[in-house]
Structures are given as C-alpha cells and as structure tokens.
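> One-letter residues, chain by chain:
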Amino acid sequence: MIRSNDVLRRHPAFLSAARGAISILLSLHEAPYTPPSSSASSAEGTEGLSEEERRKAEKKAKKAEAKAKAAAAAANGSKEDEAAVKEKEDEDPTGEKAWMTRSPLEDAKPWLTHLEALGPDVPEAQELIARVALKQSESPPNTVRAGVCPELIESPVGKQSNT
Amino acid sequence: MHCNPRLRQFSGQLTLTTPPCLSRADAIDDTNRSEAIAVLSGLCDRFPRNRTIRRLVLTVASGEVFRKRLTTYVVDGLNKGIPSLFSDLKSLLADEEKRGAVLAVLEGMRASVEGGSTIDGDGDGDPAGEEAPTTYLWLLYLLAQTYLHLGNFAASQSTMSTALAHTPVLPELWMVQARLHKRTGDVLLAEDAMGRARALDGQDRFLNGKHVKYLLRADEIEQAEAVAGLFTRKDAPSALQDLTDMQCTWFLLEEAKAFERKGDRGMALKRYNTLERVFAEIREDEFDFHAYSMRKFTLRAYVK
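Sequence lines, in order, name chains C and V.
For the first sequence, position 59 matches number 59 in the numbering used here, and the numbering has no gaps at all.
So the mapping is simple: the numbering used here equals the position in the second sequence, first residue as 1, plus 1000.
What the hints contain is simulated information worked out from the structure, not anything from laboratory work.
Some clues are possibly wrong.
To be verified - Quick list of in silico lysine-lysine cross-link-like pairs, DSS-like style, CA-CA up to 27 Å:
| no. | chain 1 | residue 1 | chain 2 | residue 2 |
| --- | --- | --- | --- | --- |
| 1 | C | 135 | V | 1262 |
| 2 | V | 1210 | V | 1090 |
| 3 | V | 1068 | V | 1182 |
| 4 | V | 1262 | C | 97 |
| 5 | C | 62 | C | 97 |
| 6 | V | 1080 | V | 1210 |
| 7 | C | 97 | V | 1257 |
| 8 | V | 1234 | C | 135 |
| 9 | V | 1182 | V | 1257 |
| 10 | C | 109 | V | 1257 |
| 11 | V | 1296 | V | 1257 |
| 12 | V | 1257 | V | 1304 |
| 13 | V | 1090 | V | 1068 |
| 14 | C | 62 | V | 1262 |
| 15 | V | 1182 | V | 1213 |
| 16 | C | 109 | C | 135 |
| 17 | V | 1296 | V | 1262 |
| 18 | C | 109 | V | 1262 |
| 19 | C | 63 | C | 109 |
| 20 | V | 1210 | V | 1262 |
| 21 | V | 1068 | V | 1080 |
Stated by the list, open to error - If the Cβ cut is set under 8 Å, some of the chain C residues that face chain V in the computed set are:
| no. | residue |
| --- | --- |
| 22 | 13 |
| 23 | 14 |
| 24 | 17 |
| 25 | 20 |
| 26 | 24 |
| 27 | 94 |
| 28 | 99 |
| 29 | 103 |
To be verified - Beta-carbon label-pair distances, calculated as ranges:
| no. | chain 1 | residue 1 | chain 2 | residue 2 | range |
| --- | --- | --- | --- | --- | --- |
| 30 | C | 62 | V | 1203 | 34 to 44 Å |
| 31 | V | 1231 | C | 63 | 30 to 40 Å |
| 32 | C | 62 | V | 1161 | 48 to 58 Å |
| 33 | V | 1223 | C | 90 | 16 to 26 Å |
| 34 | V | 1250 | C | 130 | 24 to 34 Å |
| 35 | C | 12 | V | 1223 | 50 to 60 Å |
| 36 | V | 1095 | C | 97 | 51 to 61 Å |
Quick caveat: nothing in here was measured; it's all calculated off a predicted structure.
In this text, a Cβ means the ideal position worked out from N, Cα and C, and glycines have one as well.
All chains should be modelled from the sequences, with the hints used to inform the complete structure.
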C-alpha cells in the first residue's frame, strides 16, 4: 500500500493536467499573454502596463473584492456562514494570479518535481521535463527556436518575455 | 472474465475450459475449437441461466456456428430489451470475419422486421406474426451503435433517424445521437442532443454528467457549471467547489481545456493547479491513513 503513492501521479488525469499546465507556462514564457477581453479593470494585457500601473490595478481589484465580501457578509448575517465562506474563499477568481507570473518556468518546477519522481518508464513525463529543460537552456529567450541554427537568424528577436 | 464461483470451480476440472485458456482467444484455434464449444455447450446445459457461458461461446466460435449462436444470443437480448447489448458484443467486432457476420445478422433481422415478420423470421409470439415494437427499437439501437463504432456515420445516422422517429422519448437513443454528432465533429449538435437526453430523465446522474461534459466540449462553461450544480451539495459555496472537494478530476480537466480553447489561459492554469492540489490531497490523506491502519492493526496491505 505504501507503493500506491509512488504510482499515484501516473494517473492519466495528473499527466493531462501536467501537460496542460506546462504548455501554458511555456507559452507564457514565449510571448506576452493577453487574456480575452473582460469587464474587469485589471484584465488588460501586461504589455503597456508598467509596474506601477499593474500594482494600482491589483489594488483596485482587491478593494472591489473586499467591498463585495463586506456586502455579502452583511447580507448573510450569521457568523458561521462567514467562517465557511472565508475558508473556501476564491483568491483568484479571474485566473489572473495564475498567468500574471513573473517566472513561468519557475512555476513549472513543482510539476516537474512530481514528473521526475515518476521515473524513466513514463515517456509522457520525460517529454514534459525535456521541453521545459530545453526552454530553460535557451538564452536569451525567443532567439533560438528549437531546431534552428543561431547563425541563420538575421537579428535576434527582441521580444521581452514575462520574466 | 466474469465467472461466478460455481463455474470457476467446475471449469477447473476440465483441461480445455480453465479460465486462462478460454479468456484468451489465441488459445483456441481450429484444432480445439469444436471441442471447446462442445464443453461450453455442456456447461450451458448445466447452468441454463448463465449468460457468461453463452457469451463465451461467441468468442470461441467461428463461421456458421458463430452465426447461429449469435442470432440466438441477440434475439434473446433484444427480446429482453438489454440496453448494454452493444457493449457486450463490441469486442466481437474486432475480428473481421465476425464483424461481417454481426452486420449481416443484424441487417437480416432488420429486414425481417421491416418486412412485417419477427426478427428471427419464424413469426412466433405475436398472432399477427409481427415483431414487438420494443424489440424492433432495441434492434435499431444496437445497429446504430454498431455502425457508429465501425465509423460508418451515414448508416448510423439513418438508423438513428428511423429509431428517433419511432420513439423520440428514449434517453439512450439521444445519447447515441449525441455521440454520433461528437464523432462527426458537431460539438454543438452533440451538446443539444445530450441535453435532450438529460431532459428526458432529470434524476439520472449519469446523464447529467454526460451533458456537463458535452457542454464543456462545446465551451459552454457557465451552463456546464449550472447543470452540474443540479447534483452537487446544496450547502457547498459553489458547484465547482463541491466538485473539487469530491475530487472530480474529469470535470476540472474538461473545464481547463474549455478555458484554453476560449483563450483564457489564466483560468485554465488555475484549474490545472486545482487538479494538482487534488492529487496532493489524496497523497496527504493516504499518509494519514497509514497511522490509522496501524492503530486498527490492519496490517495485511503492508506485508508482502
């Protein structure tokens, strides 16, 4: 029974999730991400927003959240409800915290730790580890595409990544 | 192979019918086929109500014997109205010869009924010699699923249309229609059909889950959560929270993929992270369980 934990993360659901998460994190590393337009003020893409502006937008969103919580608490009235709601509070309702990461490849590390523990006989895990490792070894980012010789690139692509 | 204990006991005595031998089709070849069938027939007589043995004969038999046994098996299943008959026979379709035989038998039955006779052509049961409408319906259902499995979407659709015109209120039919649309790439039509299936039985949790999945495939995330919410705990903060607590990985995965298709990578990543936490939770729970097992002296799982 102790061994069941060794194979727990071989479950296809975990591997699918790892594949999905790592794909997204790699794409965030590649190029700036603009989420689909929504009404939230902080939903504009990272491009064009300076550090300060971003912090302001985050503060605004936090205030709006706190306001909504207070309103809900007032409406509820009962203390138990408050405690329960607080416990299951959604810290990241629009998924911003997830994608507004400064280091997508660092975020991928927890996934990789688990994948590496699966051992060499799970090819899907190894593939994902390799993809991230290849991305990390590229320096600077976006100038070396897999399989393309650096000499053939006329000028380095000067895109800034999220890092 | 699903054996009841008596069968396993009895069959252990006969060399040809030890379970590993029978459950492996490659152990039976033309040299011992008729012998195996003879032994199985003997078992059938001994255990007349056991369906497993009769189904096993179909795996083992070939040619004319196969056709005959198949016809009896299918007629029996259709008369009883067994919805899972197709799932039962599906594995036979892997063999090319049997595939042809199955289709021929089923189409023959269909022609027989549509020609005004019964499915086995001998006109018994009904004084007018016609087949019962329920049997005909289950036959169409079986046929549609067979064509769908074999990738013949046109034939499947035409069979489905006939079946749905015959009886539009059977959820199973709409489920097959939904699956057909899914396989032909019509996610919206598939969702619509599955929605109709669900509407025919609001208390069916399985249909609810299927509809939720089809809604997510059609990128209708809010609606999917609403439909899923019909079966989640009412005192949970949200349907999503309850599904996460219940460790419903398929829902989280499908939602994540739906968000990705809609371009919302943040929410997708968030769902993937939730999934990761589910696995971490399972691991933690198991860790606690070791101490519990020790306390209760349930140690067998720890000893090789």
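> Does each hint fit the structure? Answer for all of them.
Here is what the structure says about each hint:
no.: 1; hint: 135/C to 1262/V; verdict: 25 Å, holds
no.: 2; hint: 1210/V to 1090/V; verdict: 21 Å, holds
no.: 3; hint: 1068/V to 1182/V; verdict: 35 Å, violated
no.: 4; hint: 1262/V to 97/C; verdict: 18 Å, holds
no.: 5; hint: 62/C to 97/C; verdict: 12 Å, holds
no.: 6; hint: 1080/V to 1210/V; verdict: 26 Å, holds
no.: 7; hint: 97/C to 1257/V; verdict: 18 Å, holds
no.: 8; hint: 1234/V to 135/C; verdict: 45 Å, violated
no.: 9; hint: 1182/V to 1257/V; verdict: 16 Å, holds
no.: 10; hint: 109/C to 1257/V; verdict: 21 Å, holds
no.: 11; hint: 1296/V to 1257/V; verdict: 43 Å, violated
no.: 12; hint: 1257/V to 1304/V; verdict: 41 Å, violated
no.: 13; hint: 1090/V to 1068/V; verdict: 18 Å, holds
no.: 14; hint: 62/C to 1262/V; verdict: 26 Å, holds
no.: 15; hint: 1182/V to 1213/V; verdict: 11 Å, holds
no.: 16; hint: 109/C to 135/C; verdict: 13 Å, holds
no.: 17; hint: 1296/V to 1262/V; verdict: 50 Å, violated
no.: 18; hint: 109/C to 1262/V; verdict: 26 Å, holds
no.: 19; hint: 63/C to 109/C; verdict: 32 Å, violated
no.: 20; hint: 1210/V to 1262/V; verdict: 21 Å, holds
no.: 21; hint: 1068/V to 1080/V; verdict: 19 Å, holds
no.: 22; hint: 13; verdict: 4 Å, holds
no.: 23; hint: 14; verdict: 5 Å, holds
no.: 24; hint: 17; verdict: 4 Å, holds
no.: 25; hint: 20; verdict: 5 Å, holds
no.: 26; hint: 24; verdict: 5 Å, holds
no.: 27; hint: 94; verdict: 7 Å, holds
no.: 28; hint: 99; verdict: 4 Å, holds
no.: 29; hint: 103; verdict: 14 Å, violated
no.: 30; hint: 62/C to 1203/V: 34 to 44 Å; verdict: 43 Å, holds
no.: 31; hint: 1231/V to 63/C: 30 to 40 Å; verdict: 36 Å, holds
no.: 32; hint: 62/C to 1161/V: 48 to 58 Å; verdict: 56 Å, holds
no.: 33; hint: 1223/V to 90/C: 16 to 26 Å; verdict: 20 Å, holds
no.: 34; hint: 1250/V to 130/C: 24 to 34 Å; verdict: 27 Å, holds
no.: 35; hint: 12/C to 1223/V: 50 to 60 Å; verdict: 26 Å, violated
no.: 36; hint: 1095/V to 97/C: 51 to 61 Å; verdict: 54 Å, holds
Of the hints listed earlier, those the structure fails to meet are numbers 3, 8, 11, 12, 17, 19, 29 and 35, in rising order.
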